[in-house]
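Residue numbers (our numbering), protein chains in the order written: chain A, 392 to 592; chain B, 1259 to 1505.
Mixed in with the good hints, there may be bad ones.
Stated by the list, open to error - FRET-style restraints, in silico, Cβ to Cβ:
1) 469(A) <-> 1412(B): 26 to 34 Å
2) 1339(B) <-> 502(A): 53 to 61 Å
3) 490(A) <-> 1387(B): 43 to 51 Å
To be verified - Short derived list, chain A residues pointing at chain B, Cβ under 10 Å:
4) 433
5) 436
6) 439
7) 461
As the list claims (entries may be wrong) - Output of the computed footprint for chain A on chain B, the stretches with three or more beta carbons under 8 Å from beta carbons of chain A:
8) 1318 to 1328
9) 1373 to 1379
10) 1382 to 1389
11) 1408 to 1420
12) 1424 to 1430
13) 1470 to 1484
None of these hints come from the bench; they were simulated from the model.
Think of the CB as a built atom: it goes at the ideal place given N, C-alpha and C, for glycine as much as any other residue.
The residues making up each chain are set out below.
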Amino acid sequence: MSVTQIMKPLVYSPLALMVPSLAFTSGAFAAGDSSGGLPQLDIATWPNQLFWLLITFTILFLLMNYVVTPRISAVIENRSDKISGDLAKAKEADAKAKEMQVTYESALASARADASDKAQAATKAANDKAAAGEAEMAKKLAKKLATAEKKLAAMRDDAMANLNDVATEAAQETVKQLIGVKATKAEVTKQVKAAAKAANA
Amino acid sequence: MHSPVEQFTIKTLFALNLFGFDIAFTNSALFMVLTVILSVALLVYAMRPAAMVPGRLQNVAEMMFEFVADMVRSNVGSEGRRYFPFIFSVFVFVLFTNMLGLIPYSYTVTSQIVVTFAMAAFIFVGVTLIGLIKHGFHFFSFFVPSGAPKALIPFLIIIEVISYFMRPVSLSVRLFANMLAGHTMLKVFAGLAVMLTSAGGVFVGMSALPLLAIIGLTGLEILVAGLQAYVFTILTCMYLNDALHLH
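Given only the sequences and the hints, what does the whole structure look like? Please build it.
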């Protein structure tokens, strides 16, 4: 009780400053309050409170230490592990996709090159074939032309020879009837040939 | 009519004896036990789903955990991990006793200076021992401010030592005084409302004013309850940091 009385003004006065109405009210109630002062300063209650504080806080600490905090931290760690794991997986998948894209693009490029090579080869082959065919055809045609020309020339020569004979005979007859002279065949032929040459020239 | 500090009286609920030592179960003891039961039950129940994507209640538990974990991490560093369960227990204990005390007809355990001082003293002694074990004799360099003029060092050491030994006092009195003042203030306004009502006449209407004040103060007290739990915990972290890292 003595300590209570010593400490009473020490604790009470700043409190009265903090709560201006406290001084008034506590004064007003003081008459009906037998013990007076703060119950907190009753030393008799302290061992009991310390005992229960020790018991309850120890139990709380043990439960927090062995039950509560391990559970919470396990869940939080689990989650952060999952998040970082998922992020790593996503990164891996991204790298894979990029790699696949590169592969795909190179395959596409090579296929494109291959196709263009093949197209060029096919074009060249077709061109070659066409050229060869054309050349052969041209050769054939030339041969045919030459044969036809030869034939034509032969026919013309034949016709021309016949014409000379006919002309010679006609000239012989004409001369005979005109002047009654029988011209020799050689003479007439010579003349006819000369005339034909002149006509042709 | 009772005094506004009557609410802090320790009342024996039932008597208990242990080897002749009086351990009567009091209202204070009841709320300490309730604090332990409610806080552990809430945290265990909230974490029961252990869901990857937390629900509302699980989020509350995780937020409390992360709040204290961040405090320890940023104030003590990685060495503070070992002490995290204790610091978390301190936070939960102070927070729950403060909050439970705000329920009408309940008892505020932390409004008892002996309780807050016992916690503060335990922390003070524990932190000092941690510092002594970790740094040995070098721990006392903590009391010598670096870069001070030589002539001033003796005085500064005296000041540092006094301020060091004042730590448990300031730590405990801060929490105790906040709880005491808040609850006293609520009772004063409540008493005023009762007085005005019993005065009759026009005073009955006026009693609405202190009643409104109580509503506002209750909101403020909820803030103070949380804030003081935070302050008590963060100061514990800071003292621990000082002991582990000196300056």
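Verification of the supplied hints:
For the pair residue 469(A) and residue 1412(B), the supplied restraint of 26 to 34 Å is violated, since their beta-carbon distance comes to about 55 Å. Distance hint check: the CB atoms of residue 1339(B) and residue 502(A) are about 59 Å apart, consistent with the given range 53 to 61 Å. Between residue 490(A) and residue 1387(B) the CB atoms are about 59 Å apart, so this pair departs from the stated range of 43 to 51 Å. For the restraint placing residue 433(A) at the interface with chain B, the shortest Cβ-Cβ distance is roughly 7 Å, inside the 10 Å limit, so the hint holds.
Residue-level restraint check for residue 436(A) holds (minimum Cβ-Cβ distance to chain B is 4 Å; threshold 10 Å). The interface hint given for residue 439(A) holds, since its Cβ lies 6 Å from the closest Cβ of chain B, which is under the 10 Å cut-off. The criterion of a C-beta within 10 Å of any C-beta in chain B is met by residue 461(A), whose closest approach is roughly 9 Å, and the hint holds. Coverage of the region 1318 to 1328 of chain B by chain A holds [criterion: at least 3 residues with CB-CB distance below 8 Å; count 4].
Check result for the region 1373 to 1379 of chain B against chain A: holds, 3 residues qualifying (beta carbon to beta carbon below 8 Å, three or more required). Counting residues of the region 1382 to 1389 of chain B whose C-beta sits closer than 8 Å to any C-beta of chain A gives 0, which falls short of three, so the coverage hint is violated. Look at the region 1408 to 1420 of chain B against chain A: 0 of its residues bring a Cβ nearer than 8 Å to a Cβ of that chain, fewer than three, so the hint is violated. For the region 1424 to 1430 of chain B, the stated coverage by chain A is not satisfied: 0 residues place a CB nearer than 8 Å to a CB of that chain, which falls below the threshold of 3.
Counting residues of the region 1470 to 1484 of chain B whose CB falls under 8 Å from any CB of chain A gives 0; the rule of at least 3 is not met.
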